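Based on the sequences and whatever the hints tell you, model everything.
Chains A and B, in that order, are what the protein sequence lines are.
Start counting the first sequence at 471; every next residue gets the next number (the numbering used here).
Start counting the second sequence at 147; every next residue gets the next number (the numbering used here).
None of these hints come from the bench; they were simulated from the model.
None of the values given here were measured: they were computed from a predicted structure.
Don't take each hint at face value.
Heads up, simulated BS3-like pairs for lysine-lysine below, C-alpha to C-alpha not over 27 Å straight-line [as the list claims (entries may be wrong)]: (1) A:K494 - B:K290; (2) A:K664 - B:K172; (3) B:K173 - A:K573; (4) A:K544 - B:K172; (5) B:K254 - B:K173; (6) A:K544 - B:K290; (7) A:K574 - A:K474; (8) B:K173 - A:K474; (9) A:K659 - B:K278; (10) A:K659 - B:K290; (11) B:K290 - A:K541; (12) A:K494 - A:K541; (13) B:K172 - A:K537; (14) A:K574 - B:K254; (15) A:K537 - B:K254; (16) A:K573 - B:K290; (17) A:K574 - B:K172; (18) B:K173 - A:K574; (19) A:K474 - B:K290; (20) B:K173 - A:K659.
From the structure, some residues in chain A lie toward chain B, with a derived Cβ separation under 7 Å [what the hints assert, rightly or not]: (21) G483; (22) F556; (23) A567; (24) G609; (25) M632; (26) Q634; (27) A645.
Glycine included, C-beta positions come from ideal geometry on N, C-alpha and C.
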Amino acid sequence: MRQKWILQAMLLGAVFFLAVLIIKPIGVSTQFSVLSGIVHSTIDPNVITVDESRDSGYRSTNAYYDKSEGKLAKSIKHPINYDFVFVLAIPLGAYLAHLLRRKKTNTQNTHEEVYSEPIPELPKVKGNFWRTYAPSFLGGFIILFGARMADGCTSGHMMSGMMQGSVSGYIFAAAVFLTAIPTAIIVEKLSLRKVGK
Amino acid sequence: MRILLAIILGGLFGFALHFAEASNPKKITQMLRLQDLSLMKIIVFAIGFASTLLFFADLVGIFDISHLSIKGVHLGVILGGLIFGIGFGSVGSCPGTCVAASTGDGFKKALATVLGGLVGAFVFSISYGWFKDLGLFSVMDLGKLTLFSISDEFPSLFSMGFIGLLITGVLFMAIAVLLPTNPSFGNSTVTETKQTDIGDL
Chain A
471 MRQKWILQAM LLGAVFFLAV LIIKPIGVST QFSVLSGIVH STIDPNVITV
521 DESRDSGYRS TNAYYDKSEG KLAKSIKHPI NYDFVFVLAI PLGAYLAHLL
571 RRKKTNTQNT HEEVYSEPIP ELPKVKGNFW RTYAPSFLGG FIILFGARMA
621 DGCTSGHMMS GMMQGSVSGY IFAAAVFLTA IPTAIIVEKL SLRKVGK
Chain B
147 MRILLAIILG GLFGFALHFA EASNPKKITQ MLRLQDLSLM KIIVFAIGFA
197 STLLFFADLV GIFDISHLSI KGVHLGVILG GLIFGIGFGS VGSCPGTCVA
247 ASTGDGFKKA LATVLGGLVG AFVFSISYGW FKDLGLFSVM DLGKLTLFSI
297 SDEFPSLFSM GFIGLLITGV LFMAIAVLLP TNPSFGNSTV TETKQTDIGD
347 L
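Right, here's the structure in full:
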């Protein structure tokens with residue numbers, strides 16, 4: 471199965487195409503703003519208020535939720551919409567793929583496949599809760615802060631954007647790889663040094 | 147109906163991400179260290195393939211161009227992209243893939259990334275007004291610029307329409323096929339034996 475990658479690529483590409491054909495281009499990162507906004511407006515109910523004079527029907531004291539005639543404010547108040555449910559459905563599909571893969575490897579365990587190896591569990595002696603999860607948390611923070619600033623992520627800007635010939639998609643991709651490649655190399659060097667000591 | 151489609155398409159997307167192993171942070175970091183470019187091949191080919199399908203959908207007249215959605219160009223795209231890259235490179239995850247990875251292997255770390263992402267998105271929401279006043283979104287504002295004139299709604303660089311998407315689409319797919327999976331300049335043998343990720347620090 472040397473050409474498996476083409477199959478994987480065609481499925482991924484087909485999904486991006488189907489999404490824009492049927493509804494709209496795929497985007498994920500906005501929904502992080504929506505979910506954090508739901509928490510925000512639950513704790514502080516005054517941040518988003520009803521305003522009938524607007525198309526969206528909402529107004530917010532927060533400039534971001536209020537942007538584009540309160541578009542985000544409306545999504546926060548009515549989260550059962552296409553974009554939000556789309557993102558909630560992602561783990562379901564991924565879990566299905568996970569189960570299928572596990573089933574496949576269980577039935578043919580003589581045939582070892584590198585890709586199906588589960589991520590090795592961390593040795594229990596090493597590291598505590600914070601050392602294990604703080605880097606992931608911090609990484610997520612940086613990723614979404616950057617994605618919201620750029621108004622899109624790998625899905626929205628890079629994949630959906632470049633597929634449509636969007637100039638911002640190309641610019642985003644160039645900027646991302648400019649820092650991502652050196653960062654990935656430096657992080658590996660640092661961790662190898664620690665492991666090797 | 148739209149909600150049902152959201153579940154189907156979102157589920158398909160999650161399935162495709164997992165199937166392509168894009169939800170595995172190790173695959174992403176190995177790609178970024180230029181040691182294993184198989185995921186890069188997949189991404190580049192997928193973009194090209196989707197572009198080509200768009201061209202044909204338009205050709206046979208089944209594509210509704212009001213579905214197109216182009217994001218604007220401004221300084222925030224560059225700065226945000228540079229910041230994004232630091233996180234992307236260090237944890238090997240992005241908004242879509244960490245959501246996809248929140249089930250299955252490594253889900254605890256993925257959930258930590260999702261939580262961090264929610265806080266990051268929230269801090270941005272709070273600071274948006276400040277960035278806006280600084281002019282982050284108005285400097286270098288080129289609007290919703292596209293390469294090819296696929297819709298009157300957006301300004302474009304070249305007036306060749308959807309045929310441009312066919313050209314870039316085929317080009318992307320060709321590049322993907324030609325890209326080596328294991329470039330010789332990456333020390334791939336090191337990572338085969340010592341797979342590391344930031345969590346092992």
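Against the structure, the hints come out as follows:
no., hint, in the structure
1, A:K494 - B:K290, "16 Å, holds"
2, A:K664 - B:K172, "18 Å, holds"
3, B:K173 - A:K573, "21 Å, holds"
4, A:K544 - B:K172, "37 Å, violated"
5, B:K254 - B:K173, "17 Å, holds"
6, A:K544 - B:K290, "23 Å, holds"
7, A:K574 - A:K474, "15 Å, holds"
8, B:K173 - A:K474, "15 Å, holds"
9, A:K659 - B:K278, "37 Å, violated"
10, A:K659 - B:K290, "40 Å, violated"
11, B:K290 - A:K541, "18 Å, holds"
12, A:K494 - A:K541, "16 Å, holds"
13, B:K172 - A:K537, "37 Å, violated"
14, A:K574 - B:K254, "24 Å, holds"
15, A:K537 - B:K254, "34 Å, violated"
16, A:K573 - B:K290, "45 Å, violated"
17, A:K574 - B:K172, "21 Å, holds"
18, B:K173 - A:K574, "20 Å, holds"
19, A:K474 - B:K290, "36 Å, violated"
20, B:K173 - A:K659, "17 Å, holds"
21, G483, "3 Å, holds"
22, F556, "4 Å, holds"
23, A567, "4 Å, holds"
24, G609, "3 Å, holds"
25, M632, "5 Å, holds"
26, Q634, "6 Å, holds"
27, A645, "3 Å, holds"
The structure does not agree with the numbered hints 4, 9, 10, 13, 15, 16, 19 stated previously, though it agrees with the rest.
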